[in-house]
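Whole structure, please, built from the sequences with the hints as guidance.
Number of protein chains: 2
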Amino acid sequence: MSNDGRQSSRFSVMSAPDPALDAARSYRFDRGGELVESFNQLLRLDNVTGDVPALEKNAAELVRRFEERGAAMQAVALPGAAPVVIGRLRASGERLRTIGMYAHYDGQPVDPAAWDGDPFEPVIRDGRIYARGAADDKAPMAAVLGAIDALQAGGIDRHTELVFLFEGEEESGSPNLPAYMELVRDELAADLWLICDGPVHPTGRPQVVFGVRGYCGFELTVFGPERELHSGHFGNWVPNPAHDLAVLLASCKDEKGRVLVEGFYDSATPVSPADLDAISALPNVEDQYQADLGFGAPEPGGGSYVEQLLRPSFNIRGLHAAAVGDDARNVIPSRASASVDIRLVAGNDPAAMLDLVAAHLTAQGYLVLDRDPTADERRSLRHIARFDREIGYPAARIPVDLDEAAPIVSAAGATGRGGVVRLPTFGGSVPLHHFNEILGSPVVMLPIANYDNNQHAANENLKIDNLWYGIDLWAVLLGGEIDSGR
Amino acid sequence: MSNDGRQSSRFSVMSAPDPALDAARSYRFDRGGELVESFNQLLRLDNVTGDVPALEKNAAELVRRFEERGAAMQAVALPGAAPVVIGRLRASGERLRTIGMYAHYDGQPVDPAAWDGDPFEPVIRDGRIYARGAADDKAPMAAVLGAIDALQAGGIDRHTELVFLFEGEEESGSPNLPAYMELVRDELAADLWLICDGPVHPTGRPQVVFGVRGYCGFELTVFGPERELHSGHFGNWVPNPAHDLAVLLASCKDEKGRVLVEGFYDSATPVSPADLDAISALPNVEDQYQADLGFGAPEPGGGSYVEQLLRPSFNIRGLHAAAVGDDARNVIPSRASASVDIRLVAGNDPAAMLDLVAAHLTAQGYLVLDRDPTADERRSLRHIARFDREIGYPAARIPVDLDEAAPIVSAAGATGRGGVVRLPTFGGSVPLHHFNEILGSPVVMLPIANYDNNQHAANENLKIDNLWYGIDLWAVLLGGEIDSGR
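Going down the list, the protein sequences come from chains A and B. Residue numbers for the first sequence, in the working numbering: 22 to 507. Residue numbers for the second sequence, in the working numbering: 22 to 507.
For the record, the hints were derived by calculation from the structure and aren't laboratory data. C-beta: ideal position from N, C-alpha, C; glycine also. Treat the hints with care, as some may be off.
As the list claims (entries may be wrong) - Derived CB-CB ranges, DEER-like: (1) B:R350 <-> A:D139: 26 to 36 angstroms; (2) B:D473 <-> A:E276: 44 to 54 angstroms; (3) B:R350 <-> A:G225: 28 to 38 angstroms; (4) B:G284 <-> A:P130: 48 to 58 angstroms; (5) A:D139 <-> B:G101: 58 to 68 angstroms; (6) B:G225 <-> A:E276: 23 to 33 angstroms; (7) A:D393 <-> B:D409: 26 to 36 angstroms.
If you want it as structure tokens, here you go:
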């Protein structure tokens, strides 16, 4: 593929074999069975999120395994919460960089009846390891452990110092992560943090993700008569809030998909030429998505899928007024509501974006309240909107050519699994901003799991080949002769 | 009131006392207690709609009472249905006209716990008779029975021949009324039919209603991706059907309240100068409604409440897409629906009006289907709308100056209870069109109950003074010296 060629010219992939990669390959060739069995032992520890006693056993095992390999580790627990496991593995040779590794050891709840076996008794079938947590998210821990052992066996020094942060509450929404980060901030200094979670590219090519979208939202309610009214007696005379809502929502976005809220696009961090370059090198996913998801044409915003992700979105996630279908009543609804989420991009402040929306409502002639209107307000004003804010959190995104991230792309590229897909942003929202704000570090996402890993569902699995990819990747990252920046 | 003066000049109210009215007044003055007790006996017959055995007893009692007064009566029953009571009371003197009288003898279900007494043991309190059916709709039957007796006692001939149609299924939605009408059509010939149901004007003035709105409706669904999608991964790229729906609904009606569906106003029967005259004479209800119903300003259609009722309406009775509020999920909904009812005016054909809406959707670029789209259709077309029609039924309205209706207005005016409110149309929908289509007669609504009668609810009541109004009205209509047309 020509795209691969372009990637290769930018991030040097060794033409000569890298001793670290060689060591990893030899080690997993010779001792693949042991590596899988060691991983399986980790998977046999049940890890359903919220089950603190079970999670404590997982944390203790992680402490034990990394300590065995020379790391200084500790499990730190807030009262009633699953612990975080933190630690540091110093370079064994010259230290070229310090990299933080985040992963989570808790897993989604399981419905054993839906599984083809015990979720906590790993089964190997068709080259995959089936177990809860196999992909999400114990795989990166197994990979880095295997890589450390492989370099040790090959007599190769580690030039990357590692700092660990393993969370036990990610599948519960990370309620204590910021508090834990504040608590152990001094232990977590690094040049760059890697979020080791999620899947590689659907094509199987390595993927490095440079950002995530942030998030805010609101509930918008407009008001009609004080109670539902008979549409025969009053239809055409008493205003209909469902129609008012439709007009208001239609005013927010034009037929070209452009959000009409004034200033909506102004605060976004510009997309750099390097980002655009990375975007133009992305494999085409649009056609496949369109076929899989069953819709006729994307929003006419004029950009590719990822270009659209780099613009703040305005998504109506729900509508409600009275009832439809068999439950419909012949009424003028008393109120009509929309629920909207806004996916934020780098540069957008959540509260400020919501302020822009509120100003748009005001500009449409609405009195904007954060509560239901009083009886007097309803009687004296034709247009009243209740606007309930959900502040959410900001996006996080670094340019694809940030110096600190170059070793990551180089290491992924060195594994020989096709050109690295450099994704400027992920569509989903993850609170990576905590790494920026609390730890003061840039952050990228470095996934290793296969795309079809059944994450969160029954029969979660990791392709063994993706475990091998992880071991190779971490071996090169820790001990390889990689490009360390421009 | 100047409006009353205008009414009086158009419809002659006798300055000399009418002997029929005198007879009615004397009779109810002398024998008021008997009249109330006779009504109470009718109210003691429980009449919950759907209870056929109970309703048969009501029907038999009506047959008996009218036969006692010289009418030829019969109860006609379709299998399993409450009977209709039909009959004819010939004029006792010169016949000047034949008038049909429709009322219904069934009542709404009762929740005895919510009543201040037994719903079928009438209680008199503060000048009102409390019982199920007191207002809705046994009152007109009691009134006409009392009027017949009063004229008989006063030695006054009846010049109006009466044809009766008393229904026992109105509160169940009149499922068999058209079939019954077809069955006994030959017995029901009349110059004009009176629907004797509903309340007089809120001011207490007599009211004659010359029309009702018809009705049709539709469910409109537009489609997004085949399943709900994560709004982070796909928001801004996969089209949002809730936004499409908002745009589509906003395209249907402008900010002045004018429906933008082409041809929407074309088929309406023009409002005559006499109708406009009647409208301008209507008491102001707008201010009171606005205060009672709690909204800031009516739709900016440029007309009074009743003028707006004479235009077909486009009312969004419900909206639905995914969820709002606490149940909101961060998704792009897969579909979004609106439920709309259209109140029709005289001249509108229900199916043709729905055709106009479908054509509007097509003009907005939508493929309009009467089913969900296929997977292929979803993949190949950006805009697909499912349009499910509810045909409903047409409006019925006669001009306020129709010759056949003149005696009714004159009789109501002769009772001395203020100028007659001539309402060109009622806002609600009632299938009066059956009287036009099956019986070939014009129809007006002639209510006698008080406005605050708690119809359909607990503690339904009729003001005794409204029973007196009904007796006076029917006495004049049957035996009075009323204006019989221009």
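We went through each hint and held it up to the structure:
A beta carbon spacing of about 31 angstroms between R350 of chain B and D139 of chain A agrees with the range 26 to 36 angstroms that was offered as a hint. Roughly 50 angstroms separates the CB atoms of D473 of chain B and E276 of chain A, a value that falls within the hinted 44 to 54 angstroms. Taking the beta carbon of each, R350 of chain B and G225 of chain A are about 31 angstroms apart, inside 28 to 38 angstroms as hinted. For the pair G284 of chain B and P130 of chain A, the supplied restraint of 48 to 58 angstroms holds, since their beta-carbon distance comes to about 57 angstroms.
The supplied range of 58 to 68 angstroms is met by D139 of chain A and G101 of chain B, whose beta-carbon atoms lie about 60 angstroms from each other. Range check, G225 of chain B to E276 of chain A: Cβ separation about 54 angstroms, and the 23 to 33 angstroms hint is violated. For the hinted restraint 26 to 36 angstroms between D393 of chain A and D409 of chain B, the CB-CB distance of approximately 33 angstroms keeps it satisfied.
In summary, the structure is inconsistent with hint 6 from the numbered list given earlier, while agreeing with all the others.
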